[in-house]
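Asks: Sequence:
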Amino acid sequence: MGGAFLAAAVLARLGGRIGLPTIPLFILAGILLGPHTPGVVLVSDPHDMEMLSALGLVLLLFYLGLEFHLDDLKAGGRRMALAGGTYLALNVGAGLGFGFALGWGTSEALVLAGVLGISSSAIVTKVLVDTGRLGNPETKPILGIIVVEDIFLALYLAALQPILSGADSLASAVLDAGKAFGFLLLLALVARFGTRVIGRLFSTRDDELLVISFLGAAVFVAGVSEWFGVADAIGAFMVGLMLGSTASGARIRKLVHPLRDAFGAIFFFAFGLSIDPGDLPTVLWPVLAAVALTLAMNVLAG
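Per the UniProt record's numbering: the sequence shown ends with 302, consecutive numbering throughout.
Hint data in this document are derived by calculation from the structure and do not stem from the laboratory.
Incorrect hints may have been included.
The list that follows gives simulated cross-link-like pairs (lysine to any residue, SDA-like), each with its CA atoms no further than 25 Å apart [to be verified]:
| # | residue 1 | residue 2 |
| --- | --- | --- |
| 1 | K140 | L185 |
| 2 | K140 | V299 |
| 3 | K254 | G144 |
| 4 | K140 | G194 |
| 5 | K254 | V219 |
| 6 | K140 | G85 |
| 7 | K179 | A217 |
| 8 | K254 | V41 |
| 9 | K254 | G16 |
| 10 | K254 | G199 |
| 11 | K140 | V129 |
| 12 | K140 | L295 |
| 13 | K179 | Y156 |
| 14 | K254 | I123 |
| 15 | K140 | L259 |
| 16 | K254 | A12 |
| 17 | K254 | N136 |
| 18 | K254 | G194 |
| 19 | K140 | L300 |
| 20 | K179 | F193 |
| 21 | K140 | T86 |
| 22 | K179 | E208 |
| 23 | K140 | D207 |
| 24 | K179 | A289 |
| 25 | K254 | S203 |
| 26 | K254 | A296 |
| 27 | K140 | D261 |
| 28 | K254 | I23 |
| 29 | K254 | R13 |
| 30 | K254 | I212 |
| 31 | K254 | L185 |
| 32 | K179 | V111 |
| 33 | K254 | T139 |
| 34 | K179 | V224 |
| 35 | K140 | A296 |
| 36 | K140 | K179 |
| 37 | K140 | I151 |
| 38 | K140 | M297 |
| 39 | K179 | D261 |
Can you make the complete structure from the sequences, with help from the hints?
Replies: Next comes the structure, spelled out in structure tokens:
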């Protein structure tokens, strides 16, 4: 574990000196120091990092929520929904078609459509943070589209689960999707009308108590979100959205920085641990074609 943090620190310093983003360096470190590559192995079982990796994702999306204010959503909600819907229609549709072109079945093509059609919130957030673009005018629409994608992802996964498990009827899919949508609606209502009460609950001058409070809230809601069929990252994002509008929002943004950076690095390092370079030659051409298709659809979507 200590070696993973030290490797992340060395690579972050290296990336800063040569002008490279840290994300690919963290992933590369996971590949080179993982169980699938000869040489030094810091972590022999990638599952050992699952908890810390999940915490890194939660903190990245929690911070994204802190930066995304409810006023922005109210002011440009319709425009963001239209832009996000257009993006999803083009990319998910292209991913589905690509899956069928590879000769895959419906279930596999639907999974590929989700993979190609939805951006990684964690990567987008980390890139915006690393490049110092969180305050730029174009960042708000980008974050808005990411929010639309995350909401779609929650419903998409809920609907996809019964299909992958071989359910014979739509009843299970409808029930899971309804449960996920209901929980998302509850979180949205709390964010819209409960900010004042939440602000009082988190009001404290003690930084230590504030850190424990917001960290506990983010992790707890993330866990409950998974139980309702909603991605844990979305639950963490909604907690950040709620707390960002409170009087403690500015302090929370400052206090979460070191946690976000440390565990965010572990998230990408753990992702690298799961990659086996030996598998890459067998999927190289489909992956390159998928990358080219995704780039083309992103340009087309604007």
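Asks: So, for every hint listed, does it hold in this structure?
Replies: Each hint tested on the structure:
Annotation: proposed proximity of K140 to L185 holds, straight-line Cα distance about 22 Å (limit 25 Å). Between the alpha carbons of K140 and V299 the distance comes to roughly 19 Å, so the proposed pair stays at or under 25 Å and holds. In summary, the hint linking K254 to G144 is supported, as the alpha carbons are separated by about 23 Å, within the 25 Å threshold. Distance hint between K140 and G194 is fulfilled; the C-alpha atoms sit about 23 Å from each other, no more than 25 Å.
The hinted pair formed by K254 and V219 meets the criterion: a straight-line CA distance of about 18 Å does not exceed 25 Å. Distance hint between K140 and G85 is fulfilled; the C-alpha atoms sit about 16 Å from each other, no more than 25 Å. Restraint check for K179 and A217: the C-alpha separation of about 21 Å stays at or below 25 Å, so the hint holds. At most 25 Å may separate the alpha-carbon atoms for a hinted pair to count; K254 and V41 exceed this at roughly 35 Å.
For the hint pairing K254 with G16, the CA-to-CA distance comes to about 21 Å; that is within 25 Å, so the pair holds. Only pairs whose Cα atoms come within 25 Å are accepted, and K254 paired with G199 is accepted, the gap being roughly 17 Å. At most 25 Å may separate the alpha-carbon atoms for a hinted pair to count; K140 and V129 meet this at roughly 13 Å. Under the criterion of a C-alpha separation no larger than 25 Å, the hint pairing K140 with L295 is consistent with the structure, at around 21 Å.
Using a Cα cut-off of 25 Å, the hinted pair K179 and Y156 holds, with the two alpha carbons roughly 12 Å apart. For the hint linking K254 to I123, the alpha-carbon distance of about 20 Å falls within 25 Å, and the restraint holds. As the CA atoms of K140 and L259 are separated by approximately 23 Å, the hinted pair is consistent with the 25 Å bound. About 20 Å separates the Cα atoms of K254 and A12, which keeps this hinted pair within 25 Å; it holds.
Using a Cα cut-off of 25 Å, the hinted pair K254 and N136 holds, with the two alpha carbons roughly 19 Å apart. About 23 Å separates the Cα atoms of K254 and G194, which keeps this hinted pair within 25 Å; it holds. In summary, the hint linking K140 to L300 is supported, as the alpha carbons are separated by about 20 Å, within the 25 Å threshold. The hinted pair formed by K179 and F193 meets the criterion: a straight-line CA distance of about 21 Å does not exceed 25 Å.
For a cut-off of 25 Å, the pair hint linking K140 to T86 stands: about 17 Å separates their Cα positions. Distance hint between K179 and E208 is unfulfilled; the C-alpha atoms sit about 35 Å from each other, more than 25 Å. Between K140 and D207 the alpha-carbon distance is near 29 Å, which puts this suggested pair outside the 25 Å criterion. For the proposed pair K179 and A289, the alpha carbon gap of about 36 Å is over 25 Å, so the pair is violated.
A hinted pair counts as satisfied when its Cα atoms are at most 25 Å apart, and K254 with S203 qualifies at roughly 15 Å. In summary, the hint linking K254 to A296 is not supported, as the alpha carbons are separated by about 38 Å, beyond the 25 Å threshold. For the hint pairing K140 with D261, the CA-to-CA distance comes to about 21 Å; that is within 25 Å, so the pair holds. Using a Cα cut-off of 25 Å, the hinted pair K254 and I23 holds, with the two alpha carbons roughly 22 Å apart.
Note on K254 and R13: the hinted pairing holds, with a Cα-Cα distance of about 21 Å set against a maximum of 25 Å. The straight-line distance between the Cα atoms of K254 and I212 is roughly 14 Å, inside the 25 Å bound, and the hint therefore holds. Our distance criterion of 25 Å between C-alpha atoms is broken by K254 and L185, whose separation comes to about 29 Å. A hinted pair counts as satisfied when its Cα atoms are at most 25 Å apart, and K179 with V111 qualifies at roughly 21 Å.
Note on K254 and T139: the hinted pairing holds, with a Cα-Cα distance of about 19 Å set against a maximum of 25 Å. Restraint check for K179 and V224: the C-alpha separation of about 12 Å stays at or below 25 Å, so the hint holds. Between K140 and A296 the alpha-carbon distance is near 23 Å, which keeps this suggested pair within the 25 Å criterion. Taking the CA atoms of K140 and K179, the gap is near 29 Å; set against the 25 Å cutoff, the hint is violated.
Proximity of K140 to I151 is assessed by CA-CA distance (about 17 Å); at most 25 Å being required, the pair is judged to hold. About 21 Å separates the Cα atoms of K140 and M297, which keeps this hinted pair within 25 Å; it holds. Distance check on the hinted pair: K179 and D261 sit about 33 Å apart at the alpha-carbon level, beyond 25 Å; violated.
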